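Student: The primary structure of each chain is shown beneath.
There are 2 protein chains.
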Amino acid sequence: MKYSVIGTGAVGGFYGSKLANAGFDVEFLLHSDYQYVKENGLKVLSCNGDFYLKSPKVFSSTEKMSKSDVVLVGLKSVNQELLYKILPPLLKDNTLVILIQNGIGLEEDLQKKFPNLYIAAGLAFICSQKKQPGVIEHLFYGSINLGNFSCKDKALFSNVLNDFVKVGIQAQEVEYYQARWKKAVWNMPFNGMTVVLNTTTDKLLKNPDTERLIYDQMKEVIDAAQILGVKGLDYSFADKMIEMTKEMIPYSPSMKLDYDFSRPMEVYYLYTRPISEARKAGFEMKKLSMLEAQLKFLG
Amino acid sequence: MKYSVIGTGAVGGFYGSKLANAGFDVEFLLHSDYQYVKENGLKVLSCNGDFYLKSPKVFSSTEKMSKSDVVLVGLKSVNQELLYKILPPLLKDNTLVILIQNGIGLEEDLQKKFPNLYIAAGLAFICSQKKQPGVIEHLFYGSINLGNFSCKDKALFSNVLNDFVKVGIQAQEVEYYQARWKKAVWNMPFNGMTVVLNTTTDKLLKNPDTERLIYDQMKEVIDAAQILGVKGLDYSFADKMIEMTKEMIPYSPSMKLDYDFSRPMEVYYLYTRPISEARKAGFEMKKLSMLEAQLKFLG
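In the order they appear, the protein sequences are chains A and B.
Here the numbering used here is used: the first sequence runs in plain steps of one and ends on residue 299.
Here the numbering used here is used: the second sequence runs in plain steps of one and ends on residue 598.
This is chain A alone, in the form it adopts within the complex (with noise of 0.2 Å):
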């Protein structure tokens, strides 16, 4: 199996270098920290001990990269555009491609500009950050769940799950539709919020005002989410996503990083296409389409 991943960050970056570390044969793309990273190697601080890879393979352009059969996208979803025309180089007539992006529609608009690609989505469940070039700091967590969106070839699709269980990480299959919208039951409230209130997760969970807001914001969600035909999610499951994120560490959500360092949020795979999913099934979103104008408004 050859791995390749494009983004190799805070996200995709540690998940190919636990690969990687184990043997397999992993190429990554660089962009801003190629030349370091070329010369120094990759650096994995992680809670689950630190591991270092002296000389990962890696490239400046997909195209001096090799065919892959799976290849992990760790890119922020601000530009799509970019993905599609660097992905060509990497594909077989069957290559796997792992969304690790936070989003709604991401797989469905790749789908429309590659037809027979094979695509899954990854949903990561992790903490963790580019401390500096080449060293990646994991702090927590570290699953990851990949949901079926059009991988015909089921056994490729179980390897993949089946290497990074090998390689000690958490991960299992599940509805991918699902799944996405489970996720954004989390990533809709607490990164916007954060960013607009300039604070962190804790803090949102300790005012009873914004903690009822979050609450509801979940709720609209699970709504959307139910009127778009998921199954299995009720505001149950609000009330779990509350509990766990108050046994958390104060957290700033990606686009509170994203918007501190002065880089592009994702608003658009974040809010503005679920809730325009929404819209179109007839639901309208009202306290998250306020947060998406809000951060069109600061973005």
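Because the hints were derived from the structure by calculation, they are not lab data.
Fair warning: there could be bad hints in the mix.
[To be verified] Derived pair list, reagent style SDA-like, types lysine to any residue, alpha-carbon separation capped at 25 Å:
| # | chain 1 | residue 1 | chain 2 | residue 2 |
| --- | --- | --- | --- | --- |
| 1 | B | Lys-412 | B | Lys-429 |
| 2 | B | Lys-595 | A | Asp-202 |
| 3 | A | Lys-203 | B | Asp-522 |
| 4 | A | Lys-286 | B | Tyr-567 |
| 5 | A | Lys-286 | B | Thr-498 |
| 6 | B | Lys-518 | B | Lys-465 |
| 7 | A | Lys-280 | B | Glu-510 |
| 8 | B | Lys-579 | A | Asp-202 |
| 9 | B | Lys-465 | B | Ala-454 |
| 10 | A | Lys-286 | B | Lys-465 |
| 11 | B | Lys-429 | B | Asn-393 |
[Unchecked claim] Computed, partial: chain A to chain B, Cβ under 10 Å:
| # | residue |
| --- | --- |
| 12 | Ile-86 |
| 13 | Lys-130 |
| 14 | Thr-210 |
| 15 | Glu-220 |
| 16 | Glu-284 |
| 17 | Met-290 |
| 18 | Ala-293 |
| 19 | Gln-294 |
Note that the coordinates shown come from a computational prediction; the quantities given were computed from them, not determined experimentally.
From the three backbone atoms N, C-alpha and C, an ideal C-beta is built for every residue, glycine too.
Put chain B on the given structure of chain A with help from the hints.
Tutor: Just chain B, lined up with the frame of chain A:
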């Protein structure tokens, strides 16, 4: 006619000074600026012509003031309990108290404390600010609408209107409940949104996303008002308010100034109260209750 002003700030101070400057008998209550104004007088830098009260009748406590025919209340609504406490020394059998304050429910709450009191709403359309102790800057507008809440002495109410007009203030009678809600159509979106997004009215209307959001919030106020029985108010009023605001100079509403200067924000009467009145009538102001929660988090 004996007038008194409680809260000699940018608004109460302006209207009271206009009356005093024209020769009316006006007593002013001051707090932090008492000593300064007693020694230096009260200066009004007005777009309609500056004027100066050399020796206004100023007091540091209502207990030293005379009983009044008319009390103009220019206090912020953040501490109405204080108003209830300091009001009695000014009251005769038929004193008219005019609440020149922002929000919904102010008259009702005051009436509960003083069941026989004559009360009116004063809706000021003015841009003014306290420049420094003893100096009020009046930038533009300046009219006041009076809504009779419980003044049984129609002659007294008319006299006040006439007095305002005599001293050059545009003043007219309005239906108090409709007028309060009409003012809320502008106040609820712009006060909170400029605080949460740290911006001014013009920028909110230049961005198409926040312009639409402001418009949706205005419609929410209008929906609430209609459900609460306000007549003669429809969505065309939102269009009017948006157009009017576009023609204004970049503007920071009073709540934005309060927030910037770390003063308490008038969240209760501007948000919590109207939202709860609408909720009791079965209408949920979804976007504005989200704004309320954001403000309570920041406040």
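Student: Look at each hint and say if it fits the structure.
Tutor: Hints, verified against the model:
1. B:Lys-412 with B:Lys-429: 30 Å, violated
2. B:Lys-595 with A:Asp-202: 16 Å, holds
3. A:Lys-203 with B:Asp-522: At roughly 33 Å apart (the allowed maximum being 25 Å), B:Asp-522 and A:Lys-203 break the hint.
4. A:Lys-286 with B:Tyr-567: 22 Å, holds
5. A:Lys-286 with B:Thr-498: Satisfied, since the Cα-Cα distance of roughly 22 Å is no more than 25 Å.
6. B:Lys-518 with B:Lys-465: 37 Å, violated
7. A:Lys-280 with B:Glu-510: 22 Å, holds
8. B:Lys-579 with A:Asp-202: With Cα atoms ~31 Å apart, B:Lys-579 and A:Asp-202 exceed 25 Å; violated.
9. B:Lys-465 with B:Ala-454: Roughly 16 Å separates the two Cα atoms, so the pair holds.
10. A:Lys-286 with B:Lys-465: 48 Å, violated
11. B:Lys-429 with B:Asn-393: 31 Å, violated
12. Ile-86: 30 Å, violated
13. Lys-130: 29 Å, violated
14. Thr-210: Because about 5 Å separates A:Thr-210 from the closest Cβ in chain B, which is inside the 10 Å limit, the hint holds.
15. Glu-220: 9 Å, holds
16. Glu-284: With Cβ-Cβ at 9 Å, under 10 Å, it holds.
17. Met-290: This interface hint holds because 5 Å falls under the 10 Å limit.
18. Ala-293: At 4 Å from the nearest chain B Cβ, A:Ala-293 passes the 10 Å test, so the hint holds.
19. Gln-294: Nearest chain B Cβ about 6 Å off; hint holds.
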